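Construct the complete structure from the given sequences, taking the supplied hints into account.
Top to bottom, those sequences are chains A and B. Throughout the first sequence, residue numbering follows numbering that gives the first Met the number 0, covering 0 to 106 in sequence. Throughout the second sequence, residue numbering follows numbering that gives the first Met the number 0, covering 0 to 240 in sequence.
Any given hint could turn out to be false.
[As the list claims (entries may be wrong)] One side of the interface only, derived from the structure: several residues of chain A facing chain B at Cβ under 8 Å:
no., residue
1, Pro3
2, Val46
3, Gly67
4, Arg86
5, Leu88
Calculated from the structure, these hints are not laboratory results. Remember, predicted model here, so these are calculated numbers, not experimental data. In this text, a Cβ means the ideal position worked out from N, Cα and C, and glycines have one as well.
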Amino acid sequence: MRDPLLLVLACAAGTYVWRALGVAVAGRLDPNGEVFTWMACVALAMVAGLVSRMLIEPVGVLATTSLGVRLAATACGLVVYFVMTRRNLLAGVLTGCVVIAFLQSLS
Amino acid sequence: MDEPTINYQTPRAALAAGAREAVGAPLAVLAAGYVGYGALASGFDFPLHVIVASSLLIWALPGQLIMLEMHAVSAQLVLIILAVSLSASRFLPMTTVLMALMRNPRYSSWQMYASAQLIAMTCWVAAVNRCPQVPAEQRLPYFVGFALVCWLGSTAASVVGYFAAGAMSELVKLALVFMNPIYFLLILAGETRAASGRLALVAGAVAGPVAYALAPQWSVLAAGFVGGTAAYALHRWSRRA
Chain A
0 MRDPLLLVLA CAAGTYVWRA LGVAVAGRLD PNGEVFTWMA CVALAMVAGL
50 VSRMLIEPVG VLATTSLGVR LAATACGLVV YFVMTRRNLL AGVLTGCVVI
100 AFLQSLS
Chain B
0 MDEPTINYQT PRAALAAGAR EAVGAPLAVL AAGYVGYGAL ASGFDFPLHV
50 IVASSLLIWA LPGQLIMLEM HAVSAQLVLI ILAVSLSASR FLPMTTVLMA
100 LMRNPRYSSW QMYASAQLIA MTCWVAAVNR CPQVPAEQRL PYFVGFALVC
150 WLGSTAASVV GYFAAGAMSE LVKLALVFMN PIYFLLILAG ETRAASGRLA
200 LVAGAVAGPV AYALAPQWSV LAAGFVGGTA AYALHRWSRR A
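The structure is reproduced here in structure tokens:
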């Protein structure tokens, strides 16, 4: 049986490496330059890729739901946020969560 | 770049303003996600001190969830670390972009390296959008105020989840875990103003699942690099045309 604390420390180190590299690179980056714009695109594409993967191909408890259920709940959250409430985050997020729990309880 | 339009007067006031702005939707949603995380972790027999350490030291929910899932199926230690670390590769461009905006002669490099530990998706989106509107020396304190509230609040929430796990049905855990991707989606889609950034979001959202199908471990890196570069190229090309 491995020590879970050791596992956490190793994962923390594996995560912090990227943060530290980012600080080191930032020292040489001009926030008005083209490289900065490209970096910002890469950062946004990475988080968007991660989020869409979490919605389309989740692991763990979310994987017990069907793709249709997840997409329906996502769509409801988007509609409430952008269309019905003038970008009320809490309303959009809560709608998505209530809808996914409701749809899952039916299936 | 935009001229500063919000002036908190002093760095201390900027820190307080950041902390105040975190209390509300950002903290509520993060905390809910971490309650779900704490509940899952207690289900996998992680002791409380390990759960607290993981939230404070890893501070990246997708990575923490990968760690739990892989540990639960007794994956090899090296493979878990590799998977968690690769999923965290997003912190390289995220940190670079944010630190380039927050850099100021007033702040030493150890302060920058310490602040980097606080970066996570929610705080990053908030700070990247706020920074251009705020005088340079107030940006780092604003971020630190915002992120500290999220970091400590989420860690406390994972403790709550640990103790509340028994009282939560699978449906509640499901709803709590779903809170994070839907929240990230809404803040990214709602708060990204730059045309190049919007292109990057779409490109990344398409590239993410495709890359995941081809090479799961490398998907974050590959989708970000390919999607981001394609969006940047498209943006340059459309500006010239």
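Hints, verified against the model:
1. Pro3: holds, 5 Å
2. Val46: holds, 6 Å
3. Gly67: violated, 14 Å
4. Arg86: holds, 5 Å
5. Leu88: With Cβ-Cβ at 4 Å, under 8 Å, it holds.
Against the hints set out earlier in the document, a violation occurs for number 3 only.
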